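Can you build the whole structure from these sequences, using the hints too?
Heads up: the sequence lines are chains H and G, in that order. The first sequence begins at 1 in my numbering and counts up one residue at a time. The second sequence begins at 1001 in my numbering and counts up one residue at a time.
Honestly, the hints are just simulated from the structure, not real lab data. As the structure is a prediction and not an experimental result, all values here were calculated from the model. Be a bit skeptical, because a hint or two may be false.
[Claimed, not checked] The list that follows gives simulated cross-link-like pairs (lysine-lysine, DSBU-like), each with its CA atoms no further than 35 Å apart: (1) Lys1085(G) with Lys91(H); (2) Lys91(H) with Lys1211(G); (3) Lys91(H) with Lys1208(G); (4) Lys1289(G) with Lys91(H); (5) Lys1108(G) with Lys91(H).
[Stated by the list, open to error] Take a look, some chain H residues computed to stay more than 10 Å from chain G by CB distance: (6) Met42; (7) His74; (8) Glu101; (9) Arg128.
[Said to hold, decoys possible] Across the chosen pairs, the derived CB separations fall in these ranges: (10) Leu130(H) with Gln1131(G): 35 to 41 Å; (11) Leu130(H) with Asp1287(G): 25 to 31 Å; (12) Lys1108(G) with Glu99(H): 20 to 26 Å; (13) Arg1129(G) with Leu130(H): 31 to 37 Å; (14) Glu1033(G) with Arg37(H): 57 to 63 Å; (15) Pro132(H) with Val1136(G): 44 to 50 Å.
Note that the Cβ used here is the ideal one computed from N, Cα and C, for glycine as well.
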Amino acid sequence: MNNGFSPSIVGFFCNWCTYLATDLAGTSRMKYAPNVRVVRTMCSGRVDPQMVLWAFRHGADGVLIGGCHPGDCHYQEGNYKTLRRTIMLRKMLAQFGIEPERLRLEWISAAEGGRLRDVMNEFTEQIRRLGPLPEKVEKREAVAA
Amino acid sequence: MAKPKVAFYWCASCGGCEEAIVDLAEGVLKVVEAVDIVFWPVALDFKRSDVEAMSDGAIDVAFINGAIRLSEQEAMARLLRQKSKLVIAYGACAYQGGIPGLANLTEKEAILEYVYHQSPSTTDGAATRPQQHIKVPEGELELPEFYDAVKTLDEVVDVDYYLPGCPPTGKITFQAIEAILKGELPEKGAVLAGDRALCYECELNPTKPEKLLVSELKRVHQVILDRDKCLLAQGILCLGPVTRGGCEAQCVKGGMPCTGCFGPVERVRDYGGKALSAVASIVDSTDEKVLAKVFEAIPDPAGTFYRYSLPSSLLRRRRMAVSSRQEIS
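And the structure:
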């Protein structure tokens, strides 16, 4: 069902794995949905739940966090912290009326350009089906903390 | 030199902050000697019209506690702001929304429906709701508007300083009043409490391990506390690490974990997000199923992490159902 809505998705990608996968997808000329705005962090463990909440408040319909596979984190355990926080955060988002599916966590290594392309496409489509996040608290242009 | 004029007012409040002033005990006499209380509805007989008759800035300091949910509360806050040189948001409700702020997890319609129609103590014949305007034989009556969301004080008026706590302790209240009397207040917008997280004030801090990991989370009714060991290290949900200090860890001294009433430390925008982050991070597992099981000990993350701060949070309130959406200014 195409409801004519183009999702706004924020992607927090770790420098060592998912961000490099995105580079690889690019240099390999892979085509994928342009809806994800990528924010590079050194580790997925740097992604503070406040950043996810900020994204939802300021117009994001979905948030994607990309990190290294378990066991492969460049900083040893950062991605484990991300996993723990994301599980709890999804539980809490549901209480705010934000469907837990709008927050997605993926382990994508630097070699998986194709996987990155697939996740970008799948997640965009999933958010399109969920629809825009209702009643955004702030208009997109009013960005004051 | 004339004594400074002081006002106290309560908005969506439990009255605990008013109690906190009274609880200064013998200390309140020093306060009463040093200042001139010109408005305090809970304790003194001054009227709103007395405040309206004052000139702008005639009141030196207004301590306003309670959150904002009624148009009357907003109107009184604006009136006091106009008539006061300084406005201090007193207590967690004025600062971050407080316990009443948890109403932002539900909706106005659901609240009115439950309170006036569905509650166990409501008899059928009494199924009527208060109306904002109603004509009675004597004339027309008005009630304040009940907003769609609970707001913090600084969403409706410019606030000079914040005194956190549920309620603020006698010590930080005194310190604030002293600072006002001496003219030694910090930069505008400051939170007048500690600078660091609560752990630094807690006497159990030496027992907190360098690398804190727990295999399960426990609620206070499920365990008998070891009073000599860091509560969080025992798996009890203590929010000390993410909560501003200044309260001298009274709750922990009393055998209960910190629930975060002093709000976040400096530079944290959203208390609940930070608290969630800290608590989730220390669970010692890398398996999704195990983590989900451990997190069952927190069935209500929003209520636990945003107990005092929901209206001040980034999301502010639960998304409203389409039919009851209204502009939240």
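Outcome of the hint check:
At roughly 44 Å between alpha-carbon atoms, Lys1085(G) and Lys91(H) are farther apart than 35 Å, so this suggested pair is violated. With a CA separation close to 26 Å, the supplied pair Lys91(H) and Lys1211(G) stays within the 35 Å bound. For the suggested pair Lys91(H) and Lys1208(G), the alpha carbons sit about 28 Å apart, so the restraint of at most 35 Å is met. Note on Lys1289(G) and Lys91(H): the hinted pairing holds, with a Cα-Cα distance of about 14 Å set against a maximum of 35 Å.
About 23 Å separates the Cα atoms of Lys1108(G) and Lys91(H), which keeps this hinted pair within 35 Å; it holds. Remark: the non-interface label on Met42(H) is consistent with the geometry, its nearest Cβ contact in chain G lying 17 Å away (cut-off 10 Å). Its beta-carbon lying about 16 Å from the closest one in chain G, His74(H) satisfies the requirement of being farther than 10 Å from that chain. Once the 10 Å rule is applied to beta carbons, Glu101(H) is consistent with being away from chain G; the minimum gap is 14 Å.
Annotated as non-interface, Arg128(H) keeps its C-beta farther than 10 Å from every C-beta of chain G; the closest such distance is 18 Å. For Leu130(H) paired with Gln1131(G), a C-beta distance near 38 Å keeps the hint of 35 to 41 Å intact. Look at Leu130(H) against Asp1287(G): about 28 Å separates their beta carbons, and that is inside 25 to 31 Å. Between Lys1108(G) and Glu99(H) the C-beta distance comes to about 23 Å, which sits within the given range of 20 to 26 Å.
In this structure, Arg1129(G) and Leu130(H) meet the distance hint of 31 to 37 Å, their C-beta atoms being roughly 35 Å apart. A hinted range of 57 to 63 Å holds for the C-beta pair Glu1033(G) and Arg37(H), which are about 60 Å apart. The beta-carbon spacing between Pro132(H) and Val1136(G), approximately 45 Å, falls within the hinted interval of 44 to 50 Å.
Hint check: a violation occurs at hint 1 only; the rest are consistent with the structure.
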